[in-house]
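Protein chains in written order, with numbering that gives the first Met the number 0: chain A, 0 to 340; chain B, 0 to 340; chain C, 0 to 340; chain D, 0 to 340.
Derived by calculation from the structure, the hints in this document are not laboratory data. Any given hint could be a false lead.
Mimicking DSS-like on lysine-lysine, the simulated pairs with C-alpha atoms at most 25 Å apart in a straight line are [what the hints assert, rightly or not]:
(1) K42/B - K188/D
(2) K188/B - K188/D
(3) K42/C - K42/A
(4) K217/C - K188/A
(5) K57/D - K271/A
(6) K57/C - K271/B
(7) K42/B - K116/B
(8) K42/C - K188/A
(9) K2/B - K139/B
(10) K188/B - K57/D
(11) K217/C - K113/C
(12) K217/C - K188/C
Cβ pair distances, simulated, as ranges [stated by the list, open to error]:
(13) S63/D - D279/C: 52 to 62 Å
(14) R266/A - R278/D: 55 to 65 Å
(15) G53/A - G53/D: 29 to 39 Å
(16) R278/D - D192/B: 43 to 53 Å
Cβ atoms here follow ideal geometry from the backbone N, Cα and C, with glycine treated the same way.
There are 4 protein chains.
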Amino acid sequence: MKKLVGTSVVGASGYSGAELLRFLLRHRGARIDRLFANASAGKTLADLYPDFRGRLEKTFEPYSLEAALESDCVFLALPSGEAMTIAPKLIERGKTVIDLGGDFRLRDVAQYEKFYKRKHAAPNLLPLAVYGLAEWNAEKIKSAKLVANPGCYPTSALLPLLPLLKERLIEPTNIVIVAMSGVSGAGRKADIDLSFAEVSDSVKAYRVGEHQHLPEIKQTLEDLTGQKVSLSFVPHLIPTTRGIYATIHATLAQGATSEKIFAAFERYYREKPFVRYLRDRIPELKGVLRLNFCDIGFRTFDETNQLILCSAIDNLVKGAAGQAVQNFNLIFGFDETESLP
Amino acid sequence: MKKLVGTSVVGASGYSGAELLRFLLRHRGARIDRLFANASAGKTLADLYPDFRGRLEKTFEPYSLEAALESDCVFLALPSGEAMTIAPKLIERGKTVIDLGGDFRLRDVAQYEKFYKRKHAAPNLLPLAVYGLAEWNAEKIKSAKLVANPGCYPTSALLPLLPLLKERLIEPTNIVIVAMSGVSGAGRKADIDLSFAEVSDSVKAYRVGEHQHLPEIKQTLEDLTGQKVSLSFVPHLIPTTRGIYATIHATLAQGATSEKIFAAFERYYREKPFVRYLRDRIPELKGVLRLNFCDIGFRTFDETNQLILCSAIDNLVKGAAGQAVQNFNLIFGFDETESLP
Amino acid sequence: MKKLVGTSVVGASGYSGAELLRFLLRHRGARIDRLFANASAGKTLADLYPDFRGRLEKTFEPYSLEAALESDCVFLALPSGEAMTIAPKLIERGKTVIDLGGDFRLRDVAQYEKFYKRKHAAPNLLPLAVYGLAEWNAEKIKSAKLVANPGCYPTSALLPLLPLLKERLIEPTNIVIVAMSGVSGAGRKADIDLSFAEVSDSVKAYRVGEHQHLPEIKQTLEDLTGQKVSLSFVPHLIPTTRGIYATIHATLAQGATSEKIFAAFERYYREKPFVRYLRDRIPELKGVLRLNFCDIGFRTFDETNQLILCSAIDNLVKGAAGQAVQNFNLIFGFDETESLP
Amino acid sequence: MKKLVGTSVVGASGYSGAELLRFLLRHRGARIDRLFANASAGKTLADLYPDFRGRLEKTFEPYSLEAALESDCVFLALPSGEAMTIAPKLIERGKTVIDLGGDFRLRDVAQYEKFYKRKHAAPNLLPLAVYGLAEWNAEKIKSAKLVANPGCYPTSALLPLLPLLKERLIEPTNIVIVAMSGVSGAGRKADIDLSFAEVSDSVKAYRVGEHQHLPEIKQTLEDLTGQKVSLSFVPHLIPTTRGIYATIHATLAQGATSEKIFAAFERYYREKPFVRYLRDRIPELKGVLRLNFCDIGFRTFDETNQLILCSAIDNLVKGAAGQAVQNFNLIFGFDETESLP
């Protein structure tokens, strides 16, 4: 086996950061160097995540560029708005940066500023960033210095939609994405709205029509299929910790059939280890928890020309840390599935 | 106060039946006579629902027509398929029947047999049945002998859609209803798929495009608005016990605006005690739990001509027992809100 | 009916405060005047608790003595440490104060300062405070100006233990109380440890041997039975929102039998509307949720001379707001059960 | 690496059976032959547990001795009462049997029949069975033909208690074990009492003083420490899927100190990979989920001579499948940690 690739995680105390460490810990080609987490500096990883006790005994430290430079690859698992202040210097010094946040996903600064409601601090890096949807962008990812790891909702919507749009089996307009997410998607933070007493026994739609993942989905569909797309996206918070479940309505294109849809999935995903498409079976969220899979199922309705797609991912794995490791594997020449369950 | 109306509940051991008893217990005009529940016969209500201990000490008994005839009004809270064998004799003997199940909701026997997958045992009663959507059918309900209490999903979809279709503010085609339900909607039964270990931490869409509430929604929208309607309905099971949350997409009709939509809700619901429509606020499921409210919120999107409606009800209350009591109140001349929180 | 008693709630935005408002709202002898909540001032009650929408439309305001003086009775539903700064002036001005927090429960200032880890700001009020365990202290409560409403854990432990200690049916030493609480017991606050992702799927014991409810239980057992008591108390946080379940081990005194134990419960609680003691049946938490009951069950083991008691309450009702209303009813001459389900 | 050991699982459709397959799937020395599950015969593993889709595509089949004889080691993951009818013929034919159920744990047939409420079908095998508590019985396990894998509750109680009793740091009498379990402990079955609507938002103690794990704990403590032990054990069902949390009270022996207790844990467990004992820290259930660890924490109270121990395990891992694999590893000469996270 080749020599170990040094890795550090900035924002290691969050849910995505900790999940990333769970994968890196069993990665046969990675070495874990530093855990940066300003607010938890001085605490151990096991203080926050007791499952690590005896398995990875490390202490969080405040971020320092110098320390980060020890590693070959730096993962940024930060709230949006922070990565763009840290990434430039790392890139400049030749490091590979995989950003799990949203700072480098939108090519258009104006869109970023509209949906993220802040100025972009490193717009010059945007042209450099490669969108890390591994099943569709593998070649570009392999030589990337800065990977914008896809958002969790976008991953759950893009993987089922892309083959069908690409093959012109659905209309590019009037796509309706209704998605449900567990609370870990909001990150590890003190917030009454995320408390057990508030979340449990409830459901709510939020940021209806203005969620920052909406332009990300639109941009990627358009970029990768060359069509102008119009869609609606309504995320919901449901009482569970992990996972995203998306139910998508689209209009079948002339001549599209159930068989052709299945064939499209076969064409694009037969060789892909992490997409499981099902015939005659609607996925369940529990089938993907703690795994790097995206499960896809669908049904067509001829009378109304409608297609209903359902997809499921673990937001912290395929929707964040697992996909980040998949990108890491592509960049550093490991098997795409290394360390991923 | 007038003399007490005698009531009995058939299927009193189920979740809807027990919920009904919670309301009847504090109803100032109702007397609780008999609790029928074949499978739980001999057990007490408190054996199954310990909250009743010391408040309503009654024992379940097997159904008997004779015993049921003691009451003025018989509530049927049975799995679909059973009410249609029990209702005819009660009606014949002059009793008022309020059926919380699906047997008398579809006017068209063929539709019933297609979606419920069984023959209808009492098709001659169908013309007699009044659909018990209290906010829309109050006059007919007042003189009904057989009320078909609406399904839980239909209630959550009909209340937001009816005023808008009626006022031609949305197109009658391409309506997309995505709804999430707690597990109590499936009834109280031994079923691995409803077990805590299976439901918790998961989500799944089910009966995609073939749920028996689909024709009920369609029929009622068409009956009450006189338009031909096409819609999609995808129900989901989420890890919670009570409640339904529906997110509905519709296309705005020419000239429809946010103001007009709000005005439509005002027109139809201002005087209605159990519909709360919100301006600039998306409802949360927890706001309606154990209450007889339907909460409605919405947003319009001019660029795409789209309307997004969200609604929330407690499936056991406004979606079952509460609405049944509302109908009971209408029929027997009580205040519509009597005993309803 | 007598003229309405004016009430205000300080700390009305917390879970106990809101629960109190749910009871006061249907209390036929109470008027709700002011909702004080500094941190939520300006928000409406329905903003935080959407179930109140259309039922109690009030806005939180910062606490002001002047405004509070409008009411006859002021409920304090504050984190410990705050009531003792507010109560003195209210008492001075002749108001009745019912404190749901811990500031006035311990008679011994040193104990307070040890377990609550702060100085007591109003030690002179301690002799005035009446411990509001309604089933045991009703006479004193009726003429109290300051009621120290019992803690949630103490209520769950005291109600089963008091009759048995009083009747010398168990030894006063070596009592072991292991209790589990839902997260609402910790109050409504932004705290990572209370977040859904942390609480769900986990359990932990906390403040083992040093919880502030330990001296409260000990003091009350000793005060009301005249015996020196030694006990252990271990609270646990479990993944649920409401409720306390306590499993208590005690040593049977010479001659104690299952019959005598049941007789003791009968003697003290037969006439009490809110204690349900069960023979041959272990209580379940769900039997008391949203109700003001304390359910008690037990088993004796002759070989080991052991008694196992299990008790269940809703921490926000019998363990807080419900018991507060019970005390309010005693003081103002209402039926003890008024407004309590 | 040595040649693969063939394994089959009887009762492969249950939660413990499926968990076992998750470990065997990544075991570098095991081959998975047959999945026996009478009630699910004909279904695939992925039908019941969608996480296996694409990872282990096998179909359940009815149990047949012939088919089972293909394997070197047969795991029995059956409801109690079934293993004792299957094990004898397998043992006779020279197979190694690891039974995850309770049929071979109690040496005394009378105790078995009292607590399991049925006759024992293979009492002659009892002397042969080795109790599979790997940390304490490794030598005997290595040469066992029939391993009685410990119960989940017993594992959580025995690991903290054994070193202390062995070192005479606690009294052997008056030990009080209060434990909480997730619902998966009851197995995968259609049972109203295990349904989401019943379990969620509730807690209850059950089989107080008569649970079949009580004699198992007592027997093992006595066998391994040579002392007569008296104890109480009260299990509780809490609203979570996995895990056991035990809070244990014991009386400190003369001269016992916190240091000596910690030293005892060090003596017995320093070299053991799956026991993590903590100083000054109470374990949390989430720290052991999906892991094979038993976490132990404790506090001593000098005034009352009391020791409070808290322990946490995943009932399906260290309390069932993980410990079974640990035993498998010991018997077949693999590293004790092979395939265990």
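Review point. Against which earlier hints does the structure fall short, listed by number upward?
Key: Per hint list: 3, 4, 7, 10, 12 and 13 violated.
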